[in-house]
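Chemist: Assembling the complex is the task here: the two chains are given apart, and the hints tell you how they should meet.
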Amino acid sequence: MADRIFSSWGGQVLDSRQGTAKGADDVPIPRSLPSGTPLLGLMGWDGLAVWDGRANPIDMARAYAEGLVRYSCGQCVPCRVGSKVIFDALSRVCEGRGEPGDVATVERLAERLRNQAMCDLGRSCGKAFSDLVTHFRAELDEAIGKKAKVPRGEYRLKVTAPCKSACPAHLDIPTYVELIKKGRFEDSLEVIRQDNCLPGTVGRVCVRPCEFNCRRQNVDGPVQIKYLKRFVADYELDRNRPPRLPKPTPDKEKVAIVGAGPAGLSCAYYLAQLGYDVTVFEALPEPGGMAAVGIPDYRLPRWILRREADLIADLGVTVRYNTEVGRDVTWDDLVKGGFKAVFLAVGARLGTGLRAPGEEDAKEGFMRGADFLRDVALGKPVFVGKRLVVVGGGNVAIDCVRTGLRVGYEKVTLVYRRTEAEMPADKVEIADAKAEGIEFLFLHNPTRLVLDESGKVKGVELIKMELGEPDESGRRRPVPIEGSEFVLETDAVIPAIGQAIDLGFLPEDAPVKADRRNQIQVEGLNKLAAVVDGVGVFSAGDCVTGPLTLIAGLAGGKEAAFQIDRFLREERTEPLEEWVMNEYVAQLKPYDPAEDVGVPATTEPAHIHHVPVEERIQDFREAEIGFTHEEAIADASRCLRCYRLLLVAPEPEGRGLETGN
Amino acid sequence: MINVTIDGVRVEVPKGATILEAAQEAGIRIPTLCYLKKLSPIGSCRMCVVEVEGCTKPVTACDTPAGDGMVVTTDSEELREMRRDVLRLLLVRHPLDCPVCDKGGECDLQDLVYEFGVTAESYRTEPFERDVPRYVSPFIRQWPDRCVLCGRCVRACKEVKGVGCIQIVDNGFYSYIGPVPGVECISCGECLSVCPVGALTDSVHPTKARIWQAERVPTTCGYCGVGCQLELNVLNGEVIRVTTTDFDRAPNFGSLCVKGRFGWEFVNHPDRLEKPLVRKDGELKEATWDEALGLVARKLQEIKDEHGADAVGGLSSARCTNEENYLFQKFMRAVIGTNNVDHCARL
Ligand SMILES: Cc1cc2nc3c(=O)[nH]c(=O)nc-3n(C[C@H](O)[C@H](O)[C@H](O)COP(=O)(O)OP(=O)(O)OC[C@H]3O[C@@H](n4cnc5c(N)ncnc54)[C@H](O)[C@@H]3O)c2cc1C
Ligand code: SF4
Ligand code: SF4
Ligand code: SF4
Ligand code: SF4
Ligand code: SF4
Ligand code: FES
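For the protein sequence lines, the chains are A and B, in the order given. Per our numbering, the very first residue in the first sequence carries number 1; after that it's consecutive. Per our numbering, the very first residue in the second sequence carries number 662; after that it's consecutive.
Okay, chain B solo, but in the shape it has when bound (with noise of 0.2 Å):
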C-alpha cells in the first residue's frame, strides 16, 4: 500500500493504483471524458490533468500511477483553464446537434461544457469537408463531427470483446473512427455503449426520446441462459431500444452481443402472442391463463396414470433463465416424477 495526499486528503492505495483511483478512494471527482473503468486508460484527452508536486508539467490523472507519498493537487485556476481549452477546442468542429442528437441530456461531452461554461467561438478552424465511409456495423449510426476521439469504442471492441475491427484511421484533425481492414464486426455494440457523446447511435428504432421521457426497465436478457442484464427503453407501452448504462452490474458489465442489444424489435411484432391459446373444435382461440395452464395439468396427469411418468419428456429452452430451466428440471423430476428432462442448446 502507498500513501497519496489528494487536495490536502492523504489516502492509501494498492501500489499500481492510478492518481485518479486515489481521488476517487479520497472522494474526490476530477473531471474525465476518455477515462473508461472497464478499459486501460490511455490519457488521450487531457481534461483529467493534475499537478503533483516536484513534477515540472501537469500529468493526467487516470493513467499515471500514484506514488508514494505523492502530494496531487486537483483544481487550479490554470488547471480548469487547461481543461476549458480542451472543451474549446472538441468544440472547434463540433457541431450544434445538442437539440437533434440522440444522446442530448446523458452526453459527457454537453455536462462538461454546460460545468465548464465554455463557448464555441473561442478557436476555429477554416472551413471543410469530408467523406468518411459508413460505419462498420448498420445497426450504429456514425456521426463523424460529434466524435471526441476519446478512443472508448475502440479499446471497447478490442478489450472487451476481442474483436478489434476498428480503430482511428487517418491523421491528426481528418482523424476519425474507422474500420481495421480484414477485420470483421459482430455487431456487438460494445462501442455504441461506452461512447460518451452521440457520435454512435442506435439505427434500430425509428423512435426517438429522451432520457426523461422513456422509461429504462432493468430486466435480464431472453436470449441465453447468461442472464444478461439489461434495460428496455419503454416509450407509451412500446420498446424503443436496448440500453445498458450500469457497467458495475454483473453478470455482463454493460456488454452484450447482437441478439440482446440489437435482436428484440420482435416484442414490438403484431404477430406477436400475448395471450395463450387453446384449441377448440379444430382452431386455436385466445384463452385465459387459468384455463390454459388447467388443460395442461390434466392431460399430463392423464399421460401418467395411463403411461407412466416416463411417457412424459421436458425439452427446455436456452432462451431461459438459468433459474427458469432450474425450475423446470425441479418440476420434471419432483412433479411429473421422471428424468427425461433436456434442453434445446444440447441440440
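Okay, chain A solo, but in the shape it has when bound (with noise of 0.2 Å):
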C-alpha cells in the first residue's frame, strides 16, 4: 500500500487506487497539527484517514482497539470484551500470526460495536474498524496469508467528546454527567474541579457552548450540563460536606497575578496545587472580576463566588485585595520584586461609551453598563429615575436593565439596533427579562443624547433601522432610515454595547505589546506575553481576548498556570500536548448537528425553577431554584456518553514536540 492516499472522514470515500483522490491534499480534513507537525495517517470517529504510505492502516487500528480498551468503561458486553477481542485479533495480524477468521471478527463485532455499544465511544471506534476492513481488506487477507509481520507506528491518542471538546476548560463532562446518574454527587464535582474551580459560579451563567454542541439536542433537547454542574456544588453546599481539595505546600517560586477574576483565580488554583506561592493583586475590594461586579446577583449570589475564592485561598494563596497595580503596588515590584513569573489578568474592566453626541456633556442620567453595574454591585449610590433606556443587544445590556428594574426603575426599555434574532444574548436571559416586563425596542439606534441645560438626560434620539446585506459575521448588517429620528423620554441611558481593556497600570517602557484595542499579545497558547530580565510575564482572560466568557478565562488562567510551571522548570514554553490535540480535535468538529443518533426521542430536557416575577423583582435575591435530585438524576440520565476516541500518527520527527527546542 506505499503510497495510498486514502480517507473515509466526512461520509466519502476517497481512494488514490480508485482514482477518486490524487494527492494527500484532497482529504478533507487538516493534514497537520497546530503546532506544525504534519500528519501521515489519523482514525478516529468518523473513519480514517491516510496522507502518507508511512502510516499503515492496520497497525493503526491495532493501536486504535488498544486505545479502546484503556479508554472502555467496561460497563457494556460489546465494547468490554468485543474490544479486546478485536485488539487481539488485529494484534495477531500485526505479529504475522493472524488466522484466517480473524477479519470475520473484526468485521462482525465492529458492527456490534456501531449498533450495539451503550455508549458512543464503542460506537464511534466501530466505524473505523469497519472502515479497515471495508477497504483494506486485501491488505489484511494478504498480511494473514503471508504471515508477514506489519511495521508498528507511533501514535498519539485523544479522548474527547462533542461537548467536552466545545467547552473552552474541557470539562469532563460526560464522566461528571454519569456520575451524577449514578447519585455519586460529590465525586462528580470532584471531576468537574479538576478543569473549574468555580463549579457553583459555572453552573449559574456559564454561557453553555457544551450545550449547545450536545449530541442529545439532535434527538430531544440537550443534557442540561451547566444546571447539572449547579446541582452537584449545591449539593456540596447544602449538606456543608468538606471540599475534596488538597492542601498544597508552597515549597516552590513566587508568582504573581494581577487581577482576582475568572482568570486570575483560576491560574492561582493551578499554580498553588503545584506548589507555587502565590500573591494574587487585586483592585476590588472582593473576587470574581466581572462574576462579581459585573454579573448581578440575582443570577449569581456573590457568597457563591465568595466560598469558592475562598477554597482557592485555602490551597495557601495570598489575595491582596484593594490593591490597585500602577498605584498600591507598582510594575517594578512585580518584575523586580523576587516574583519568578507574572500573570496579568486584568480583564476589561472599562464600559464603552455610546459614541454619540451629548454623551460628553451629560451631568445626570447617563452611565456606562460596566459602570453602573459594578457601582450597584459594590453598594455605592446610582442614578434612578423613573425611566431607563438601555443600549445594546448581550447580556450585558440585560443585566442593566433587569438590574434597572431592581434598582427602582419603573419602566425600562432596551433598545438594539437589529432584530430579537440577531440578539447575542442568551435566549433564556431574553425571555426572563421580558417576563420581568422590560420593554423591547428592536431595529432602533440612538443618534444623539438629549440634555436639559444643567445637563440632566432627559431624553434619547433613536433612529430606525432596516437590515441590509449580511456583514462579516453573517448577521444582516442594520442600516440607518433616513429621517426616521424621534426621541425618546427617558431619565436614564445606559450604553451596554462592550468593555474596553485598561492598561494604565503598565509603564510606558514595559516590553508587553498590545494591540489597537489594549488586547495583550501573547505567543498563542504559550500565553507567553514577554520576558523580562529572566521573569517571565503571562496573561490571559478577556484583557486577552477581549471580552469573552466566564469559563474561557477559566481556561486561559489554567494553560497560563501550566505554562508557568513549565517555564519556571524546564525554562521554555512551548503549548502542552494536550491542548494541541485539543485544538486539532475542535478543527475536526466532533458535533455534527445533522447526525441522526438513532435513538428515539421520548426524554425532555429538566426544566429549571423560577422564583415568580413580582417577588424577584423586588430585590436581588437569586431568581432561580436549582435541580431536585430526582430531576438531575432524570437529566444526566438522557446523556449519550459521547466519547470519540482519536488517534494521529505524526510524522517521525514531530514527535521532538515535547523535548524539542
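Hints listed in this document are in silico derivations from the structure and should not be mistaken for laboratory results. A couple of the hints might just be wrong.
Unchecked claim - 25 Å max Cα-Cα, derived DSS-like pairs, lysine-lysine:
{"id": "1", "chain 1": "A", "residue 1": "380", "chain 2": "A", "residue 2": "456"}
{"id": "2", "chain 1": "B", "residue 1": "960", "chain 2": "B", "residue 2": "946"}
{"id": "3", "chain 1": "A", "residue 1": "411", "chain 2": "A", "residue 2": "386"}
{"id": "4", "chain 1": "B", "residue 1": "991", "chain 2": "B", "residue 2": "960"}
{"id": "5", "chain 1": "B", "residue 1": "920", "chain 2": "B", "residue 2": "869"}
{"id": "6", "chain 1": "A", "residue 1": "340", "chain 2": "A", "residue 2": "247"}
{"id": "7", "chain 1": "A", "residue 1": "181", "chain 2": "B", "residue 2": "676"}
{"id": "8", "chain 1": "B", "residue 1": "960", "chain 2": "A", "residue 2": "127"}
{"id": "9", "chain 1": "A", "residue 1": "386", "chain 2": "A", "residue 2": "363"}
{"id": "10", "chain 1": "B", "residue 1": "718", "chain 2": "A", "residue 2": "589"}
{"id": "11", "chain 1": "A", "residue 1": "589", "chain 2": "A", "residue 2": "158"}
{"id": "12", "chain 1": "A", "residue 1": "464", "chain 2": "A", "residue 2": "411"}
{"id": "13", "chain 1": "A", "residue 1": "363", "chain 2": "A", "residue 2": "456"}
{"id": "14", "chain 1": "B", "residue 1": "698", "chain 2": "B", "residue 2": "676"}
{"id": "15", "chain 1": "B", "residue 1": "699", "chain 2": "A", "residue 2": "181"}
{"id": "16", "chain 1": "B", "residue 1": "699", "chain 2": "B", "residue 2": "822"}
{"id": "17", "chain 1": "B", "residue 1": "718", "chain 2": "A", "residue 2": "181"}
{"id": "18", "chain 1": "B", "residue 1": "698", "chain 2": "A", "residue 2": "181"}
{"id": "19", "chain 1": "B", "residue 1": "991", "chain 2": "B", "residue 2": "965"}
{"id": "20", "chain 1": "B", "residue 1": "822", "chain 2": "A", "residue 2": "181"}
{"id": "21", "chain 1": "B", "residue 1": "920", "chain 2": "B", "residue 2": "941"}
Just so it is clear, the structure is predicted and the values come from calculations on it, not from any experiment.
Modeler: Here is the structure:
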C-alpha cells in the first residue's frame, strides 16, 4: 500500500487506487497538528485517513483498538469484551500470526460496536474498524496469508466528546454527568473541579457552549450540563460537606497574579496545587472580577463566588484586595520584587460609551453599563429615575435592564439596532427579562442624547433601522432609515455595548505588547507576553481575548498556570500536547448537527424553576432554583456519553514536540 | 397514558414507562440480564435490544422510555443474533464452572446460554492473568471471572443500602467489581442477593446444595421487629444458607441486614436450647412444654395473689416479631392485669 492516499472521513470515500483521490491534499481534514507537525494518518470516530504510505492502517487499527480497550469503561458487553477480541485479532495479524477467521471477527464485532454498544465511545470506534475491513481487506488478507509482520508506528491518542471539545476548559462532561446519573454527586464535583475551580459560579452563569454542541439535542434537547454542574456544587454546599481539595505546601517559586477575576483565580488554583507561592493583587475589595461586579446577584449570589474564591485562598494563595497595580503596587514591584513569573489577568473593566453626541456633556442620568453594574454590586449610590433606556443586545445589556428594574426604575426599555433573532444575548435571559416586564425596542439606534440646560438626561434621539446585506459575522447589517429620527423621553441612558481593557498600570517602557484595542499580545497557546530579566510575564482572560466568558477566563488561567510551571521548571514555553490535540480535535468538528443519532425522542430536558416575577424583581435574590435530586438524575440519564477516540500518526520528526527547542 | 404497540399487541402504559415495562404489560418477555426491577436501569448488558419503528439503530428496552404511538419489535433473527453475540462475548472469559458453582441451576447466564444455544468457541482473547484484591465483605466470596459486570451489585449497594462501597474498578476488559476507597462495607449482602450469576457467593457455611436439593423455608427474621421475610435453606434438617429470592415481598423486598443474612449459624449450634429446662433439686433438667408452662403460670398466679398484679413486670424482646410483642403486652395487661410492660429496645 506504498503510497495510497485514502480517506473515509466526512461520509465520503477518497481512494487514490480508485482515482477518487489524487493527492494528500484531497483528504478533507487538516493534515497538520496546530503545532505544525504533519500527520501521516489518522483514525477516529468518523473513519480513517492516510496521507502518507508510512502510515499503515492495520497497525493504526491495532493501536486504536488498544486505545479502546484502555478507555472502555467496562460497562457494556460489546465494547468491554469486543474491543479486546478485536485488539487481540489485529495484534495477531500485525505480529504475523493472523488466522483466517480474524478479519471476519473484526468485521462482525465492529458492527456490534456500532449498533449495540451502550455509549458512543464503542459506537464511534466501531466505524473505524468497519472502514478498515471494508477498504483494506486485501491488505489484511495478504498480511494473514503471508504471515508477514506489519511495521509498528508511533501514535498519539486523544479522548474527546462533542460537548467536552466545545467547552473552552474541556471539562470531562460525560464523566461528571454519568456520576450524577449514578447518584455519586460528590465524585461528580471532584471531576468538575479538575478543570473548573468555580463550579457553583459557572453552573449558574455559563454561556454553555457545551450544550449547543450536545448530541442529545439532535434527539430531544440538550443535556442540561450547566444546571447539572450547579446541582452538584449546591449539593456540597447545602449539606455542608467538606470540599475535596488538596492541601499543598508552597515550596516553589513566588508568582504574582494581577487580577482576582476568573482567569487570575484559576491560575492561582493550579499554581498553588503545583506548589507555587502565589500572591494575587486585586484592585477591588472582593474576588471574582466581572463575575462579582458585572454579573448581578440575582443570577449569581455573591456568597457563592466568595466561598469558591475562599477555597482557592485556602490552598495557600495570598490575595491582596484593594490593591491597584500601578498605584499601590508598581510594575517594578512585580518584575523586580522577587517573583519569578507574573500573570496578567486584568480583564476588560472599562465601560464603553455610546459614541453619540451629548454623552460628554451629560451630568446626570448617563452611565456606562460596566460602571453602573459595578457601582450597584459594590453598594455605591447610582442615579435612579423613573424611566431607563439601555442600549445593546448582549448579556450585559440584559443585566443592565434587569438590574435597573431592581434598583427602582419603573419603566425600562432595551434598544437594539437589529432584531431579536440577531441578539447575541442568551435566549433564556431574553425570556426572563421579558417576563419581568422589560420593553424591547428592536431596529433602533441612538443618535444623540437629549439633555436639559443643567446636563440632566431628558431623552435619547433614536433612528429607525432596517436589515441590509450580511456582514462578516454573517448577521444582516443594520442600516439607518434616513429621516426617521425621534426622541424617546427617559431619565437615564445606559450604553451596554462593550467593555474596554485598561492597561494604565503598565509603564510606557514595559515590554508587554498590546494591539489597538489594548488586547495583550501573547504567544498563542503559550500565554507568554514577555520575559523581563528572566521573569516570565504571562497573560490570559479578557485582557488578551477581549470581553469573552467566565469559562474562557478559567481555561486561560489554567493554561497559563501550566505554562508558568513549564517555564519555571524547564525554562521554555511550548504548548502542552494535550492542548495541541484539543485544538486539532476542534478543527475536526466532533459535533455534527445533522447526525441521526438513532434513539427515540422520548425524554425531555429537566426544567429549572423560577422564583415568581413579582417576588424576584423586589430585590437581588437569586431568580432561579436548582434541580431536585430526581430531576438531576433524570436529566443526567439522558446523556449519550459521546466519548470519541482519536488516533493520529505524526511524522516521526514531529515527536520532538514535547522535547523540542 | 400513552399507547405502545409491542409485537402487534397494543398496550396503554403511563408516560415515562420503559419499553420493557410496556412489553411486560403486553405479556411479552424480552430477555434481560442487567435489569432488576428494584434498581434503576442502566442498559449495560445489551441483551434487551429491540427494534423501534423509525429508529435507525436497535435500542435497549430496559432503559428507554416508551413513546406515544411507538411500534416495537422484540424478536427477529437479527435481534437474536445480537443477543447471542452478547452471550458469546460473555463466555470469552467465563470459566466452565457450572458444575462447581453455587449458582448452577438458578443462574441467569446459564439459563440464557441454554435458551439461545450458544457455545463458548466463537470469540477468544489471548490468555491473561490478574490479581484481584479480596472482596469488601468476609461473608461473601467473589469470583471475578464469573462476573458479567451487570453492575447490579453496585447499584443495589448504592441505591438500596445507600452505602456505595463497590464500583467498577479498572477499565475495559480488565474491569472488575472492587472497593470504593474510603467507604466501608456493612456486610449486608444486598449485592450477593441481586447477583444474577455465581460471581458472589455466600461464604458462611461450607455445605453446598443445589436448588432442588435444599428446601427453601420461608420465614420471618427473628432479630428485630421489622419482620423481614427470608428463606432458610435447609438440607437434611440443617440450615445451610439464608436467601431472599422474592423481591416483591414486603416489608423488605429481598433486602436484609448483616444479622438476618449471615447471622444465623447459632441455629445449628450444639449448645442451643431445644427443650425447656426446669430447675429441679438445684439443677436444670429438660422438661416438657406443658410442665414448664404450667410451672410458670402457677408461680405468676401465686405472686399475683400474694402481692397484687403490679408486682409482676414484663420485658419483651426486639428479637420477637411485632405480633409476638403485641400478644405479650396483651397478655400482661389482660391476663396478668398490669401495665408494667416494656421492651428491651428502650433500654
Ligand atoms: C455584566 C457582565 C455580565 C456577564 N455575564 C456573563 C455570563 O453570564 N456568563 C459568562 O460566562 N460570562 C459573563 N461575562 C463575562 C465574564 O464575566 C468575563 O469574561 C470574565 O469575568 C473575564 O475574566 P477575567 O479574569 O479575564 O477578567 P475580569 O473578570 O474582568 O477580572 C479582572 C480583575 O482584575 C482586576 N484588575 C484590573 N486591573 C487591575 C489592576 N491594575 N490592579 C489590580 N487589579 C486589577 C479587576 O478589578 C478584576 O477583578 C459577563 C461580563 C459582564 C461585564
Ligand atoms: S465505553 Fe461505552 S461502549 Fe465502551 S464499555 Fe463503556 S459504555 Fe460500553
Ligand atoms: S449527550 Fe452527553 S456526552 Fe453527548 S454531547 Fe451531550 S452531554 Fe456530551
Ligand atoms: S455463574 Fe452461572 S454460568 Fe457461570 S459458572 Fe456459575 S452457574 Fe455457570
Ligand atoms: S455487603 Fe452490602 S454494603 Fe457490602 S458491598 Fe454488598 S451491598 Fe454493599
Ligand atoms: S458481581 Fe454479580 S451483580 Fe455484581 S456485576 Fe458481577 S455479575 Fe453483576
Ligand atoms: S437488560 Fe437492558 S441492557 Fe441489560
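Chemist: Look at each hint and say if it fits the structure.
Modeler: Right, here's what the structure says about each hint:
no.	hint	result
1	380(A) with 456(A)	20 Å, holds
2	960(B) with 946(B)	18 Å, holds
3	411(A) with 386(A)	6 Å, holds
4	991(B) with 960(B)	19 Å, holds
5	920(B) with 869(B)	20 Å, holds
6	340(A) with 247(A)	23 Å, holds
7	181(A) with 676(B)	20 Å, holds
8	960(B) with 127(A)	86 Å, violated
9	386(A) with 363(A)	17 Å, holds
10	718(B) with 589(A)	23 Å, holds
11	589(A) with 158(A)	14 Å, holds
12	464(A) with 411(A)	21 Å, holds
13	363(A) with 456(A)	6 Å, holds
14	698(B) with 676(B)	18 Å, holds
15	699(B) with 181(A)	16 Å, holds
16	699(B) with 822(B)	12 Å, holds
17	718(B) with 181(A)	23 Å, holds
18	698(B) with 181(A)	17 Å, holds
19	991(B) with 965(B)	17 Å, holds
20	822(B) with 181(A)	17 Å, holds
21	920(B) with 941(B)	36 Å, violated
Hints 8 and 21, counting from the list given before, are not met by this structure.
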